[in-house]
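Student: Protein chains in written order, with numbering that gives the first Met the number 0: chain A, 0 to 47; chain B, 0 to 472.
Among these hints, one or two may not hold up.
[Unchecked claim] One side of the interface only, derived from the structure: several residues of chain B facing chain A at Cβ under 7 Å:
hint, residue
1, Gln74
2, Ala95
3, Arg271
4, Glu332
5, Ala337
6, Cys344
[Stated by the list, open to error] With a straight-line cut-off of 25 Å between C-alpha atoms, the simulated DMTMM-like cross-links for lysine to aspartate or glutamate are:
hint, chain 1, residue 1, chain 2, residue 2
7, A, Lys47, B, Asp247
8, B, Lys319, B, Glu304
9, B, Lys5, B, Asp35
10, A, Lys15, B, Glu36
11, A, Lys20, B, Asp330
12, A, Lys4, B, Asp24
None of these hints come from the bench; they were simulated from the model.
Beta carbons: idealized from backbone N, C-alpha and C, even for Gly.
Chain residues, written in single-letter form:
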Amino acid sequence: MTQTKHIKTLNNANLKESAVKGGCGECQASCQSACKTSCTVANQKCEK
Amino acid sequence: MIHKYKLNGYNIVLDVNSGAVHIVDDLTYEILDYLDENMTKSLPDILADKLSDKYNIDDIKAIYEELYNLFEMGQLFSSDDYEQFSDMMVKAPVKAMCLNIAHDCNLRCEYCFASKGGYGGHRMLMPFEVGKKAIDFLIEHSGTRHNLELDFFGGEPLMNFDVVKQVVEYARSIEKQHNKNFRFTITTNGLLLTDDKIEFINKEMSNVVLSLDGRKNINDKLRLTLNNKGSYDAIIPKYQKLVASRGDKDYYVRGTFTKHNLDFTKDVLHMRELGFTQLSIEPVVSDPMLDFSIKQEDLPRVFEEYERLANTIIECKKNKNNFNFFHFMIDLEQGPCAIKRLRGCGCGNEYIAVTPEGDIYPCHQFVGNENYKMGNLNDGTFNTDMKEMFAKSNVYTKSDCRNCWAKFYCSGGCNANNFQYEGDILKSHKTSCELEKKRLECAIMIKAAMADFNADTNNNSVCDREDCFAECK
Numbered sequence: 000m001t002q003t004k005h006i007k008t009l010n011n012a013n014l015k016e017s018a019v020k021g022g023c024g025e026c027q028a029s030c031q032s033a034c035k036t037s038c039t040v041a042n043q044k045c046e047k
Numbered sequence: 000m001i002h003k004y005k006l007n008g009y010n011i012v013l014d015v016n017s018g019a020v021h022i023v024d025d026l027t028y029e030i031l032d033y034l035d036e037n038m039t040k041s042l043p044d045i046l047a048d049k050l051s052d053k054y055n056i057d058d059i060k061a062i063y064e065e066l067y068n069l070f071e072m073g074q075l076f077s078s079d080d081y082e083q084f085s086d087m088m089v090k091a092p093v094k095a096m097c098l099n100i101a102h103d104c105n106l107r108c109e110y111c112f113a114s115k116g117g118y119g120g121h122r123m124l125m126p127f128e129v130g131k132k133a134i135d136f137l138i139e140h141s142g143t144r145h146n147l148e149l150d151f152f153g154g155e156p157l158m159n160f161d162v163v164k165q166v167v168e169y170a171r172s173i174e175k176q177h178n179k180n181f182r183f184t185i186t187t188n189g190l191l192l193t194d195d196k197i198e199f200i201n202k203e204m205s206n207v208v209l210s211l212d213g214r215k216n217i218n219d220k221l222r223l224t225l226n227n228k229g230s231y232d233a234i235i236p237k238y239q240k241l242v243a244s245r246g247d248k249d250y251y252v253r254g255t256f257t258k259h260n261l262d263f264t265k266d267v268l269h270m271r272e273l274g275f276t277q278l279s280i281e282p283v284v285s286d287p288m289l290d291f292s293i294k295q296e297d298l299p300r301v302f303e304e305y306e307r308l309a310n311t312i313i314e315c316k317k318n319k320n321n322f323n324f325f326h327f328m329i330d331l332e333q334g335p336c337a338i339k340r341l342r343g344c345g346c347g348n349e350y351i352a353v354t355p356e357g358d359i360y361p362c363h364q365f366v367g368n369e370n371y372k373m374g375n376l377n378d379g380t381f382n383t384d385m386k387e388m389f390a391k392s393n394v395y396t397k398s399d400c401r402n403c404w405a406k407f408y409c410s411g412g413c414n415a416n417n418f419q420y421e422g423d424i425l426k427s428h429k430t431s432c433e434l435e436k437k438r439l440e441c442a443i444m445i446k447a448a449m450a451d452f453n454a455d456t457n458n459n460s461v462c463d464r465e466d467c468f469a470e471c472k
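Model the full assembly from the supplied sequences, consistent with the hints where possible.
Tutor: Here's what the structure looks like:
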């Protein structure tokens, strides 16, 4: 977390970095439907 | 693109393309109304024109400088550079399978998407031979992928548990020689759980999903046995036994909320009171004509309840009564790579479903729709054109997603829901989108609140890890 006088940033944003090294496909499938424990991919883990 | 919103006293700014989350003061929040991707080092005239009557110009300049620094660091109005990766997974191997081991069920839940277990066809249990072929298919089509997922699903998979065990045993017997690691999961209504089944599940299943809608009267209203009785009393002791002996392996107690329990925070808390810590409750997705459906006009009430639940979770975390609510779990630091985020489940491409007859569908939600049958394990057919069609479904080919702030978190949503309710896998199901966005806003707000709490109390001991399955002491 970083903080200046008017802005607090909660995280070190790394989505762009992740694209460079990503795409290995080893991560869990993330069903988006309502009948499984479905949901957003945002909570999933990277296997790397 | 940014998304800014106010919630629970926080002014929250998400920089969509980098994933950065900023909490800003009121003036900064207002200044952002006048800025976009074309920031320049010098203060734009519009800020002085619009705001200098109301605010001190030195404050405006100072804030602009802070914002410009973020812009230069790629944490504000960052560009969307990911479309170049959108076809990267088109030739991906199959790595996950939903094995519909039983097209039959011992409950008759009113809201069941699978026609109360039968998927619209005749009720049938999967023979082992089909399960064996499914394992062989997955290994054969998984290329160099090491981790393979297989979810035992139904209907009710415990109605065919001998075959579940045989399939697991067969997969384990050949996984090493093929350099694979099977991760099994199972979704059950719990009625047929016994000590030996619990022992097997806890040994072999990397995740188990235990269906429960929450409070007894809520659960028993729609989750009915064949003789029209509620299921709550029969399953709770079994779930508690399973979880108590599960150690640190994943599980979820998972429910559905409907129009009948828009106060579902109470159901989440009830699950917690029963001793469960990994909780999930999701909105029913159903024909709007049904009396329990959640419709557009219900959304303000549902949003209010999500906020109530978020605030409840914050208070629980502060009091070290920690539990995970699946839909508010978000990892702002790492999480999946951007390439994964361009498409969600990978249904029809990396993920498929197999029926007891050996038919292959893009996912369990498409089962029974002949137009989406991809092939059959017995005759060796597999429609790779359909695979490619699904593979090309991503946040850039879905017009509603392309310019949506939530696209890297929901990854385009559920293709099956899109098809069923909007008639096209590329057309987003509006109600689901709005619910998803609200949940994301709440999830991020919880992060902001816990960052505040930890800073105020200098107390980093409050566990805010999303992968923490231990109860904080």
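Student: For each hint, tell me whether it holds in the structure or not.
Tutor: Here's how the hints hold up against the structure:
no.	hint	result
1	Gln74	holds, 5 Å
2	Ala95	holds, 4 Å
3	Arg271	violated, 17 Å
4	Glu332	holds, 5 Å
5	Ala337	holds, 4 Å
6	Cys344	holds, 5 Å
7	Lys47/A <-> Asp247/B	holds, 21 Å
8	Lys319/B <-> Glu304/B	holds, 22 Å
9	Lys5/B <-> Asp35/B	holds, 19 Å
10	Lys15/A <-> Glu36/B	holds, 17 Å
11	Lys20/A <-> Asp330/B	holds, 18 Å
12	Lys4/A <-> Asp24/B	holds, 9 Å
Checked against the numbered hints listed earlier, the structure breaks hint 3 alone; every other hint is satisfied.
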